[in-house]
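**Student:** Take a look at the letters that make up each chain.
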Amino acid sequence: MGALLLGELPALPLHTAGKYVAGAYVVLFAIVLIYVAIMSVRLGRVQRELGELLAQSRQRPEAEEEP
Amino acid sequence: MSPPSRLSIATVVVMTVALGLVFFYAPLEAEQGFLQKIFYVHVPLAIIALCGFVAGGIMAIAHLRTRDPRWDMRSYVTIHMSLIFAVGTLITGSIWAKGSWGHWWVWSEPTLVSFLIVFLLYATYQPLRFAIEDPERQARYASVFAVTAGAFVPLNFIAVRLSTAYLHPRVLGSTSNLPSQMALTFLVSLLGLALLFTTLCKYELAAKHARAQLRALRRAAAEREGLTGGENSGAHARRPRSAAPTQYPATAMTAGSPGRPTV
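Here the protein sequences line up with chains W and A, keeping their order.
Numbering-wise (our numbering), the first sequence opens with residue 1 and increments by one.
Numbering-wise (our numbering), the second sequence opens with residue 1 and increments by one.
In case anyone wonders, no lab produced these hints; they're calculated from the structure.
Treat the hints loosely; a few may be bogus.
Beta-carbon label-pair distances, calculated as ranges [to be verified]:
no.	chain 1	residue 1	chain 2	residue 2	range
1	A	Ala221	W	Phe29	40 to 48 Å
2	W	Arg58	A	Val13	17 to 25 Å
3	W	Val26	A	Trp107	20 to 28 Å
4	A	Thr148	W	Leu43	32 to 40 Å
5	W	Met39	A	Leu187	22 to 30 Å
6	A	Leu184	W	Leu54	14 to 22 Å
7	W	Ala55	A	Ile158	36 to 44 Å
8	A	Leu162	W	Leu43	55 to 63 Å
9	A	Ile9	W	Arg45	24 to 32 Å
10	W	Gly51	A	Ser2	18 to 26 Å
11	A	Leu28	W	Gly51	49 to 57 Å
12	A	Asn177	W	Leu43	41 to 49 Å
Ideal Cβ placement from N, Cα and C applies to all residues, glycine included.
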């Protein structure tokens, strides 16, 4: 099915302009990718800090229960 | 399904359709041939970046009128995202210029230089913002900057349009006679990138909101324990934070150390 569909599609004229077009679309893809990577690092930091706070809040009642 | 998830899925679907249309539906342009395919990414990026700068200014007006820190946060995120899109515009434009004109940059071309001026103007937004430590003043000054610079964007656009000495092709307007297949592809690409812009803004806002809430939680925990040392005796303890953590507090934009955002 996929091969049939690809067979029907027109061939892309990837001559001298091909590298410029590829470059432009790669730039867009790279910008999105870098942004998502930065977001994931930030999310990881928030998760870690949240975990620390959760651990602190669990430790506190245990410490209060001890005589 | 949550609205951000729906938005993300819509973005992926529309962008995939747009890429399919660009490479397999839109006809080759007679003069530029395959190189013209850059038009479908470069022009929407530029339009969205410029609209984002103006939208940031409008949100800044809402902040100055209401003093609601959420509008300041929205304005900041919109301008931040527009700057990223503007970087994309400059890079894809340079690639197109190299392929079409044989030069990465042409200084005598008003469209290019005016966009660079707008970009450099907004590049000063963040240093200005984070140079001010007081959260109230920071938000107010940033809003005034966003309004002033936002008004400059359409003026700049009109000035360039009135200019006659240009090489850069006019895409939209009375001189354009885009075939329907190209116009459809262009509009779908524009929609796809607009959705991408909105999705990234939503995620950025959600991330900043989560970070602000986490800081508020940390402060509350430290106050309960009566701690005076450690992390909370630093920048957090020195600055009063008045906004409720469930909102987007203006303090979310406060520098943790001079000149550096904590978000």
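**Student:** Does each hint fit the structure? Answer for all of them.
**Tutor:** Status of each hint after checking the structure:
1. Here the CB-CB span from alanine 221 of chain A to phenylalanine 29 of chain W is close to 41 Å, well matched to the stated 40 to 48 Å.
2. A hinted range of 17 to 25 Å is violated for the C-beta pair arginine 58 of chain W and valine 13 of chain A, which are about 42 Å apart.
3. Between valine 26 of chain W and tryptophan 107 of chain A the beta carbons are some 26 Å apart, a value that agrees with the proposed interval 20 to 28 Å.
4. In this structure, threonine 148 of chain A and leucine 43 of chain W meet the distance hint of 32 to 40 Å, their C-beta atoms being roughly 34 Å apart.
5. In this structure, methionine 39 of chain W and leucine 187 of chain A meet the distance hint of 22 to 30 Å, their C-beta atoms being roughly 28 Å apart.
6. Under the hint 14 to 22 Å, the C-beta atoms of leucine 184 of chain A and leucine 54 of chain W, about 51 Å apart, miss the expected range.
7. Between alanine 55 of chain W and isoleucine 158 of chain A the beta carbon distance is about 58 Å. The supplied range of 36 to 44 Å is therefore violated.
8. Between leucine 162 of chain A and leucine 43 of chain W the CB atoms are about 46 Å apart, so this pair departs from the stated range of 55 to 63 Å.
9. For the pair isoleucine 9 of chain A and arginine 45 of chain W, the beta carbons lie near 26 Å from each other, so the given range of 24 to 32 Å is met.
10. Checked against the hint of 18 to 26 Å, the pair glycine 51 of chain W and serine 2 of chain A passes, with Cβ atoms roughly 23 Å apart.
11. Distance hint for leucine 28 of chain A and glycine 51 of chain W: a CB-CB separation of about 54 Å, consistent with the stated range 49 to 57 Å.
12. Against the hinted window of 41 to 49 Å, the Cβ-Cβ separation of asparagine 177 of chain A and leucine 43 of chain W comes to about 47 Å, which satisfies the hint.
Hints 2, 6, 7 and 8 from the list above are not met by this structure, while the remaining hints are.
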